[in-house]
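Sequences listed follow chains E and G, in order. When we follow the working numbering, the leftmost residue of the first sequence carries the number 569, and every step to the right adds one. When we follow the working numbering, the leftmost residue of the second sequence carries the number 246, and every step to the right adds one.
Check the hints yourself; a few may be wrong.
[As the list claims (entries may be wrong)] Not the full set, but computed from the structure, chain E residues with beta-carbon under 8 Å of chain G:
(1) Leu800
(2) Glu803
(3) Leu837
(4) Ala840
(5) Thr843
(6) Leu844
Think of the hints as simulated: they come from the structure by calculation, not from any bench. Using N, Cα and C, we set each Cβ at its ideal position, and we do this for glycine too.
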Amino acid sequence: MARPTLSVRDLSIAYRARRGQVQAVRGISFDIERGEALALIGESGSGKTTVGLGLMHLLPATARIVDGSATYHRPANGSDATAREIEVLGLKGDALRRFRWGECAMVFQSALNALNPVLRISEHFADTARAHGYLSASGQSNALRERSMDLLSRVRLDPERVWRSFPHELSGGMRQRVLIALALLLEPQLLILDEPTTALDILTQRSIMDVLKELRSQLGFSMLFISHDLALAAELADRVATMYAGRIIEIGDVRTIFQNPYHPYTIGLIKAVPTLAGDKEDLTSVPGSPPDLIDLPTGCKFHPRCPLADARCRSDEMDQTEAAPGHQVACWRWPDARDVLKSFQVK
Amino acid sequence: MSEPLITLEHVQRTFDVKGQTITAVNDVNLEIPAGEVLCLVGESGCGKTTTGKMIAGLLPVSYGRILFRGQDIAALAPAERKSYRLGVQMVHQDPYASLNPVQTIADILAAPLQHHRFTRGEAETRKRMRELLEIVDLTPPDDYLDKYPHQLSGGQRQRVSVARALTVNPAFIVADEAVSMVDVSIRISLLKMFTRLKDEMGVGVLLITHDLALAKYFAWEGRIGVMYLGRLVEIGPARQVVGHPQHPYTQVLLSAIPEADPDVTRAKPRIALRSTDVPSLLRLPTGCTFHPRCPAFAGEVCAREVPALKRAGWGSDVACHLAQAHEP
């Protein structure tokens, strides 16, 4: 079987705070297969953004990778005959610079802050190429321009116009599309997208989603898609992982997670989102609030909010178990989990 | 029909930005009966928040009139002015910014109760505060009264904001994106609380939101109004606006929104826009402002004349030259 593009094992990340250690990510493991889109969903404070930043070595100074590994694999192909395997978390210096953008690129939420206001879009492409040692030799500037123009039209921008523009001359949606084009400049195998459409309007969000789907089917990269918006995950992801209090509490195929979830939190979360189709549905609300990441509850971190919690839930945290092929869940009570629907329903 | 609680007549609001004038809200006409649930939806810059602020009296109109119980809010006598100010309350989006961090919940709730003499003496104030906290589901109330806002979660703070609005017995609450900053898993319980205010106390609610699915859920028994570039382009019963949208903009919007179900969202028919560029409020298109992007663009009439809001199918009022007055 083909090797996954990324294998994360037992990754733990903590932040130093005045009150103590913030345990943002606690021993998570997942694979992203070649060409696959994995969505990390969860609410604020669940650790999903920290995972993305950790993989890109972009954590703030107060954060520390406590444990774990992340192995990136790039198979040999036509233009590049050697397969590559990279231990991501230990990268430094030039190797890290080559990994970033060349192998794995990230698109952030705030498209305005990610572009330099005094540089034209053309200069952003040239800078990125230079910084990562891509097409930097003299005489290759035409090739760079051609590749950039091609990417700009693939993200449905007018390349001639955008190429000469400054960031402030473009709308939020156009800037976000420039960032996606820029992220793909060095043909990365993995694209990490952190809330890529959150600050955008509905129609702009739609065009970004369509662009991402189209590019992925044309270029075949893998995607780690981080979002609190379940509808985006439902549309873009092949597999979905739910995060809660720094752990992946459930992971499976997108249809399984949305239509047949087993973790009480996933069940409550998915049934908390209204849909446009059909009549008014019975929706849920999960009582309580997410735990304090400095002073976590004992046992299962969801137990204070879970109507099924028993003595074992309060004392022991469960590892993932296979509820069905390809569907992992971390809950002692998963076979009875559907019972929570009644208690979560809002009268 | 009895007199509406709130009436908007040709309401317009302009802002001066760097020497230029933008029209944020343009010729909006609306009647809101007492106890109604209404959602205003639209993308950023459509004027929904500006409209809400004008209704709540936090922003004067540039042109037109807003009536509260039949009287122009810009020309009220002092006693009526007070009854309007208390009668219409606003709940803001950010529960972290709208509560004073150095006051306890008891301080926050006692101030309006005592200032407006709704309660007399410490004991009565305390009793009323407990009742209010129970209405917003912060129970047992004694656990919350002496806390500071930073000791509460975002959802709990938003409940305190609502309790504060209720101190003065309002007839109407304007809630601007009031659940947007709250975690998804607890949003529905907040919406249910607003629904209960209407059902049990007859308090009308205007919920301003960019989330159409949320609007459909919340306004199921009420109405949804859709705004685009400052104008109300469609308004009608919530289930009809979502189920049988009449304005091309509403149709485009509904087809573009992803759904939290992989089968439903991937099977949704898409409607392509003529242009994806959003016009600037500084240079609004002539005629129907949606015409440069409209998939149903019918030529000259759309580019020349601003369509009036008029009754179309399914009980909705629609501002589109192509809308037909038919009941299917």
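Requested in this report: Have a go at the Thr843(E) hint: is there a Cβ in chain G nearer than 8 Å to its own Cβ?
Outcome: 5 Å, holds
Report task. With chain G as the partner, please determine if Leu844(E) meets the hint condition of a C-beta pair closer than 8 Å. Result -> This hint holds: Leu844(E) lies near chain G, its Cβ roughly 5 Å from the closest one there, short of 8 Å.
Requested in this report: With a cut-off of 8 Å on the beta carbons, see whether Leu800(E) makes it to chain G.
Outcome: Leu800(E) check passes; min Cβ-Cβ to chain G is 6 Å, inside 8 Å.
Query - When the least beta-carbon distance from Ala840(E) to chain G is tested against 8 Å, hint result - result: 5 Å, holds
Report task. May I ask you to test the interface hint for Glu803(E) with respect to chain G, counting a Cβ-Cβ separation under 8 Å as satisfied? Result -> 4 Å, holds
Query raised in the report: Taking 8 Å as the limit, does the beta-carbon of Leu837(E) come near enough to a beta-carbon in chain G?
Result: 5 Å, holds
In terms of the numbered hints stated before, the structure departs from none.
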